[in-house]
Structures are given as structure tokens and as C-alpha cells.
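A.B. asks: What follows is each chain in one-letter form.
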Amino acid sequence: MNAIGAAFELVLQWQVFTTVLLAALFGLTVGAIPGLTATMATALLVPLTFFMDPVPAVGAIIACAAMAIFAGDIPGTLLRIPGTPASAAYTDEAYAMTRNGEAEAALGANLLFSALGGLAGTAVLIFAAPALAEVALKFSSFEYFWMALLGLTCAVFIGSAQPLRAFISLFIGLAIATIGLNNPAGVPRFTFGSTDLLAGIDFIPAMIGLFAVSEVLRSIASGVPSIGRLQTATGNIFKHWGGMVRTYWRQQLRGNALGIAIGALPGAGADIAAWVAYAVSRKMSRTPEKFGTGHVEGIVESTSANNAALASAWIPALVFGIPGDTITAIVIGVLYVKGLNPGPTLFLFNPQSIYAVFIIFVLANLVMIPLGWVTIKLAKRLLLVPRNIMMPVILAFCIVGAFASSNSSYGIIVMLAFGILGFVMEENRIPIAPCILGIVIGPMLEETFVTSMIKSDGSFLGFFERPIAAGLGIVTVLIWLSPLIGVLMRRRRAGASASSQ
Amino acid sequence: MRISDTMLGGVLIAFGAALAGYSQTFPAIPGQTYGAAIFPTAIAIGFAGCGGLLVMQGLRSSGRHLEAAEWMLDLRAVVGVALTVLAITGYIWLAPIIGFIPVMAAMLLGLLLFLRVRWPAAVVLAVVVTIVIHGVFAGLLLVPLPNGLFPRIPW
Numbered sequence: 000m001n002a003i004g005a006a007f008e009l010v011l012q013w014q015v016f017t018t019v020l021l022a023a024l025f026g027l028t029v030g031a032i033p034g035l036t037a038t039m040a041t042a043l044l045v046p047l048t049f050f051m052d053p054v055p056a057v058g059a060i061i062a063c064a065a066m067a068i069f070a071g072d073i074p075g076t077l078l079r080i081p082g083t084p085a086s087a088a089y090t091d092e093a094y095a096m097t098r099n100g101e102a103e104a105a106l107g108a109n110l111l112f113s114a115l116g117g118l119a120g121t122a123v124l125i126f127a128a129p130a131l132a133e134v135a136l137k138f139s140s141f142e143y144f145w146m147a148l149l150g151l152t153c154a155v156f157i158g159s160a161q162p163l164r165a166f167i168s169l170f171i172g173l174a175i176a177t178i179g180l181n182n183p184a185g186v187p188r189f190t191f192g193s194t195d196l197l198a199g200i201d202f203i204p205a206m207i208g209l210f211a212v213s214e215v216l217r218s219i220a221s222g223v224p225s226i227g228r229l230q231t232a233t234g235n236i237f238k239h240w241g242g243m244v245r246t247y248w249r250q251q252l253r254g255n256a257l258g259i260a261i262g263a264l265p266g267a268g269a270d271i272a273a274w275v276a277y278a279v280s281r282k283m284s285r286t287p288e289k290f291g292t293g294h295v296e297g298i299v300e301s302t303s304a305n306n307a308a309l310a311s312a313w314i315p316a317l318v319f320g321i322p323g324d325t326i327t328a329i330v331i332g333v334l335y336v337k338g339l340n341p342g343p344t345l346f347l348f349n350p351q352s353i354y355a356v357f358i359i360f361v362l363a364n365l366v367m368i369p370l371g372w373v374t375i376k377l378a379k380r381l382l383l384v385p386r387n388i389m390m391p392v393i394l395a396f397c398i399v400g401a402f403a404s405s406n407s408s409y410g411i412i413v414m415l416a417f418g419i420l421g422f423v424m425e426e427n428r429i430p431i432a433p434c435i436l437g438i439v440i441g442p443m444l445e446e447t448f449v450t451s452m453i454k455s456d457g458s459f460l461g462f463f464e465r466p467i468a469a470g471l472g473i474v475t476v477l478i479w480l481s482p483l484i485g486v487l488m489r490r491r492r493a494g495a496s497a498s499s500q
Numbered sequence: 000m001r002i003s004d005t006m007l008g009g010v011l012i013a014f015g016a017a018l019a020g021y022s023q024t025f026p027a028i029p030g031q032t033y034g035a036a037i038f039p040t041a042i043a044i045g046f047a048g049c050g051g052l053l054v055m056q057g058l059r060s061s062g063r064h065l066e067a068a069e070w071m072l073d074l075r076a077v078v079g080v081a082l083t084v085l086a087i088t089g090y091i092w093l094a095p096i097i098g099f100i101p102v103m104a105a106m107l108l109g110l111l112l113f114l115r116v117r118w119p120a121a122v123v124l125a126v127v128v129t130i131v132i133h134g135v136f137a138g139l140l141l142v143p144l145p146n147g148l149f150p151r152i153p154w
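Note that the protein sequences, when read in sequence, are chains A and B.
With numbering that gives the first Met the number 0 applied, the first sequence corresponds to residues 0 to 500, in that order.
With numbering that gives the first Met the number 0 applied, the second sequence corresponds to residues 0 to 154, in that order.
Please note that the accuracy of each hint is not assured.
Reference listing, derived: stretches of chain B covered by chain A, where coverage requires no fewer than 3 residues with Cβ under 8 angstroms from a Cβ of chain A [to be verified]:
1. 103-111
2. 125-137
Listing some non-contacts, in silico: residues in chain A with all C-beta distances to chain B over 10 angstroms [to be verified]:
3. Phe16
4. Phe126
5. Phe156
6. Ser221
7. Met283
8. Gly291
9. Asn340
10. Leu381
11. Val384
Honestly, the hints are just simulated from the structure, not real lab data.
C-beta: ideal position from N, C-alpha, C; glycine also.
Chain A on its own, in the form it takes in the complex:
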């Protein structure tokens, strides 16, 4: 109880409230601008968090990310341009509603179910994380090795349509993670005589490059298209809330559950949760023919899922230090900078900080409703901010943010290199998320592998000797074999149907 009291003391301060509020407004703005993602909002916010206390720093990121994921729905609904990838799954549906003159119902659903989804995800985070931390306390390097490998495996197999290209991205990330002195042997690797590289690649400028600079480059390459005409005339967004909750509570709960499950998996986040939830909603619906014509059912389910995933992605991040999505990958970097090293011991030694994080999660999702309403009202102005002005300004912020991470030009050089890398990768349809997870999880994977090998005297059997390690190992191997199993099953079925004919 003392810890909870201390947590409230940490949160109930005007600095924290102001920070969270400002970060929320920032997230809403960035999320609502088409093409700028929630991850980019987070990456741009991080340099500012260096100068904050741990609780407001983490709180700012939570509020910013949650708002950005919701705000991404606004341009999706009004312009048919998803504000963030997490809204892409139901953009067509929401835009169809706008054309039917139901924009306020669509936006109302987005706002309500985003907030409720976020709260559901937070509830699970609050109960599951401490329980998992108890289990994780018993983990040794063997279990951590499998957890790290499982995280990377999920990122490749679940998080992408083309596993081969996701693998390439992952290996790029792992290779980047090997740079520097920070490895079990303490040998400088791939530093080529540079003292800056000895410390490894600075994570924050790398993120700014991959998510913000690459987007600026892409935007300029596409000629900074201006946005077409805007459908407005949004009425009272609260009008339909009662009816929607009564009609679609099943879809809401299912969306929440799916979102939480996918978010908690390391490596898969809100984007994938929204796609899966939309597909499930269509499959389970009594009126699947209405999907695509401006039917709110699928929107309810997937918008419930993406915000729920956002919260549950923090479960593996806080408990194991393994990010659940790209946003928590950045969060882990911030936690280390703030001395809140993620892992089960954080729950033992710093429970008040954890509880403070939980409280901010709840606050952020509650404050989303009034702020979201204001944003929807202001949407017209926000969406019409000329992009040819936005892009240079974003670039200026990127440069200063990257500089601030190390107070030297080295940060800007890293940012530029990763900006170009991200741009080239996207051009060649190589997803970026596995690369980030590789950078974050890579050092953990190597360290736990080498430590485990020293412990077991070079015997690979050690990885399967402890029950939890064996279980995790089997799951990981099964996911690897799943494409093979799928092919075999299909062949068998094809063979069976051929013989029965």
C-alpha cells in the first residue's frame, strides 16, 4: 500500500500533469497529420524526456503514443488517409461511413472504443505484469535467451507478410547491435578506429532517423502531395455512444482480448492487432456483407484492439525488457537512461514507479475523451497544415533531437545514416520493425547465449534442462517450423481430397 501511496504522490504534481497534457496534445497533432506515425511522435518526443524526471518522462511517452494511435483515425475517417499504420485496417470502412454522412458516428466510435480499449489493456497490464514479474524472478540466462529469441521470432513470423524480408531486416538490426565494445568478450567490434562507435550505435538518433527522417525523405520524394478536399460537418460525436456499446459490446470485448494478446506478444503491436481484429470481426459477423459499405461493427472491434495492444505491449517490456512493439522498443531505451532498468527487479525495488506508470496509463486514456473531442472539432485546421511547411520543420526537430542525445554531431550523423537506411529499406519493401527489435534485443540474445554456454560448459542441452526454458524453447522451435507444418498439412489435405474424388 505504501508503494501505491508513493506512486500517487509521484503522479499528482502539476509538472507531471502539464507534461502529460502537453505530450497528449503533441501526440494528437502528430497522429492526426497523415503519414506521421505514433512511433515517430514517440521518437521525436524522446530527446525532450532526457530533461525530465523519470515519471513525467515515461508519462509523456504513454500519453503521446495513446493519443497518436487514436488521432490516426481522424484523417482516416475524413480523408481516407490513415494517420498512423494502426488505423489503416479500417480506413476504407470509416471513410465509407463519412460518405454516408455518418462521420460523427465513426469518429465517436473511434474515440470511445479507443479509450475503453486502452483502459482494458491497462487493466490487464496492471494485473498481469506483477504476476509475471514473480515468475520472471526465477528466470536464468537460459529462459532469457529463449524469451529474446521468441521475441525476435514473433517479430519475423507474426509481424510481417513476407518472412524472408522481415529476416533481412532482423539481421540488419542484429548486425547493428554488434557494433561497439558492449559484448560479453569486451572486444571492440566494427568500430574501425572510431571512438564514438566504441559505445555502440546511439539508439535514440537511430530511431529518429529510421522513423522521422526516412518519412521526411519519402514525403519529399513523393513531391509532398497536398491533401484534397476535406469532408467535414461532424455533428455530435457522443450521440451514438449508448447505442453502440449496447449493440457491439461483444465485438468490443473480443477486440480488447485480441488486442491485448497480440500486443503482449513480443514483436507484434497495434498495427497487426487492428488488422487481425478487423478480419476476425468480419468472419464472426452475422452481416459480413455490410463490411466495406460503411458499417461500424468492424471499426468498433479493430479500434478497440489497437489501443488495447498499445498498453499490453508494455507487459513484456517492463517484465523482461523485451519490447512488445516499436514504441516500447523506444521506451526501453528511455527506461535505461532514467535508471529504471526494465526487468522483474524493477517491481521489487521500484514498485512506486511501476504503479505511477499504471496510474498515468489510466489518466491518459481518460483524458483522451475530452482532448479527442477537441481534436475532432479542430480537425479541419489540423489536417490542412501544409505539408511542405511541416516537413522542413520536422527535419529541424530531428536534427536538434539527435544532437541533444549525445550533445555532439555524432548523433546527427547516426540519424542521417539511419534515415537513409530506413528510406532504402522501405523502398525495397523491407519492414523496419524487425530491425528495431533486433537492435534492442540483440545484445540480450548474445549475452544470455554466451553466459548460458559458459554455465553449461558448452553443451546445448542446457537450453532444455529447466522446465520453463524447455517450454519456451519448444514454442520457439514450433513457430519456426510452422511454415513447414502448414505446407505439409496443405499437401496432405490436397492428397486426401484427391484420393476421395
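Following the hints, position chain B against chain A.
C.D. replies: Frame of chain A; chain B shown alone:
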């Protein structure tokens, strides 16, 4: 620029080989089988494996090895991308010498004008954004943005 699967695969195999070769120069931990080289070598094998699969895919579907993406056919877009990269490089090189304020303002002005923002608006925007960023980062957050030749701003 879109690189064909065959070529991307070839590049990955070559990169994997270089990575593996360089990794073998890392000293071993005395008495240990697995030292600094094991992880990079494993990654190199991964690169080569992905590269091999891509080459196989690429050979099956014949196409050109280098294909210009749509935006590359538009000279303005290519110049835009090059200009942006040059602007950042220029900032890295010049800001420590001349100072944050003039270099950032010039960079913003150049990019804004390139993106067809009108002259008066571009000048005002470049100056205001530079001053605001300087005020927030150097003034409020005490980030030592380089002054260079530019006089110190009293915040």
C-alpha cells in the same frame, strides 16, 4: 530505387561473407569456445542464407536488376531527396563552425523555398522556427547548441 531480388540477394551474400571474414579477426576468450566472433558469424550466415533464397526467387521471376521507383522518374523529387541529405550533411559540417542559428535558418529557408513556399512566408518561418527551437533546446533544456561565429543569445 528498387533493387531486384537477385541483386539484393547478391549484395547480402557478399556482405555476409565480408562480415564473417572480418569477425574471424576478433580474439577468442581464453578457455572459451564462444567468444566475440560467434554472434557476428551467425548473423553473417543469416545474411547469406537470406541472400541465397532471394537469388533463387529472383532467378525464377526475371526482371531488370535495377528499377527506378516512380519518384525517381521525376527529376524534382530526386533533387529534393538529394537536397535534403545534402542539407543535413551541410548542417553537420557547418553548424560547429558558423553556429546553429544561421545554419539552421539557411537550411530551413532553402528547403521551404524548394518545396514552393512563397518567399516572405519562407523567410519568416525559417527565422521563427530557428529561434523557437533554439529557445526551447538551448534556453530551456540547456542543450549546448553550437554558437560558432554567431553572438551568444542571452537565454
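A.B. asks: Next, verify each hint and record whether it holds.
C.D. replies: Against the structure, the hints:
no.: 1; hint: 103-111; verdict: holds (count 5)
no.: 2; hint: 125-137; verdict: holds (count 4)
no.: 3; hint: Phe16; verdict: 18 angstroms, holds
no.: 4; hint: Phe126; verdict: 37 angstroms, holds
no.: 5; hint: Phe156; verdict: 14 angstroms, holds
no.: 6; hint: Ser221; verdict: 6 angstroms, violated
no.: 7; hint: Met283; verdict: 36 angstroms, holds
no.: 8; hint: Gly291; verdict: 28 angstroms, holds
no.: 9; hint: Asn340; verdict: 22 angstroms, holds
no.: 10; hint: Leu381; verdict: 18 angstroms, holds
no.: 11; hint: Val384; verdict: 12 angstroms, holds
Checked against the numbered hints listed earlier, the structure breaks hint 6 alone; every other hint is satisfied.
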